[in-house]
Amino acid sequence: MNNDNRNDEAVSPVIATILMVAITVVLAGVLYVWASSLAGDSTGGGLDTFQFDGRDAGGDITDAAAGGDELVYIQMTQGPGLSWSLLQVSIVVDDGASFTCEEAGTEGADCTYTTNKDDDKNWETPYEILVSEGDVNVCDGSEGFCSIDVTLTKRGIGGEDSKVLAVETAIAE
1 MNNDNRNDEA VSPVIATILM VAITVVLAGV LYVWASSLAG DSTGGGLDTF QFDGRDAGGD
61 ITDAAAGGDE LVYIQMTQGP GLSWSLLQVS IVVDDGASFT CEEAGTEGAD CTYTTNKDDD
121 KNWETPYEIL VSEGDVNVCD GSEGFCSIDV TLTKRGIGGE DSKVLAVETA IAE
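Under this note's numbering, the sequence shown has 147 at position 147, and the numbering climbs by one with no breaks.
Hints in this document: simulated from the structure, not taken from any laboratory.
Since this is a predicted model, take the numbers as computed values, not measurements.
All C-beta atoms, glycine included, are put in the ideal place defined by N, C-alpha and C.
Treat the hints with care, since some could be wrong.
Restraint ranges, calculated between C-beta atoms of paired labels, are given here [stated by the list, open to error]:
no., residue 1, residue 2, range
1, Gly156, Asp135, 24 to 32 Å
2, Val30, Gly144, 50 to 58 Å
3, Pro126, Val21, 51 to 59 Å
4, Gly105, Ser37, 39 to 47 Å
5, Val136, Gly158, 18 to 26 Å
Sequences are here, hints too, so could you generate the full structure?
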């Protein structure tokens with residue numbers, strides 16, 4: 001007669017324990033995937049954070065077909081040393097075409113950048129680079145100025161992907 005009073009709709013303790021363990025394992029998996037994706041989004045080899053500041057180079061903008069005008073300075077204001085060999089610089093002038101800049105002295109470059117590298121192997125704070133026209137007149141100054149978007153990218157090595165460190169906008173007048 002005692003068996004007649006038992007509730008047949010209740011879950012046995014064994015099944016309840018198995019369900020709780022399964023739910024815990026699923027939640028742990030979801031948290032692991034979420035945390036892994038956050039760690040994968042960091043810039044550089046760890047928690048490297050870079051900040052840059054752009055300003056006018058101060059030279060006159062000409063409409064000379066040969067180019068050569070100094071455009072903008074980009075200063076590293078925060079971040080660990082960045083190897084010059086891993087730096088890639090590109091610019092977009094007045095929301096137009098994109099140009100990949102080469103180190104100053106490179107023949108046939110659309111735009112160039114000058115470093116302070118002397119014997120330094122890294123770009124350190126508070127040093128800056130000078131972005132200039134190369135052999136092409138990318139900023140004719142027809143409106144009295146040009147808006148220059150400078151994209152600084154850290155080239156990937158080995159199996160690492162290249163990563164955009166910053167896009168700085170500066171006005172060349």
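The hint says 50 to 58 Å between Val30 and Gly144; measuring C-beta to C-beta, is that right? 56 Å, holds
Looking only at beta-carbon atoms, does the pair Gly156, Asp135 fall within the given range of 24 to 32 Å? 28 Å, holds
Val21 and Pro126 - C-beta distance against the hinted 51 to 59 Å: With a Cβ separation near 55 Å, Pro126 and Val21 satisfy 51 to 59 Å, so the hint holds.
Using the C-beta atoms of Gly105 and Ser37, is the stated range 39 to 47 Å upheld? At 42 Å between Cβs, range holds.
Has the hinted range 18 to 26 Å been met by the Cβ atoms of Val136 and Gly158? At 33 Å between Cβs, range violated.
Hint compliance for this structure: hint 5 alone is broken.
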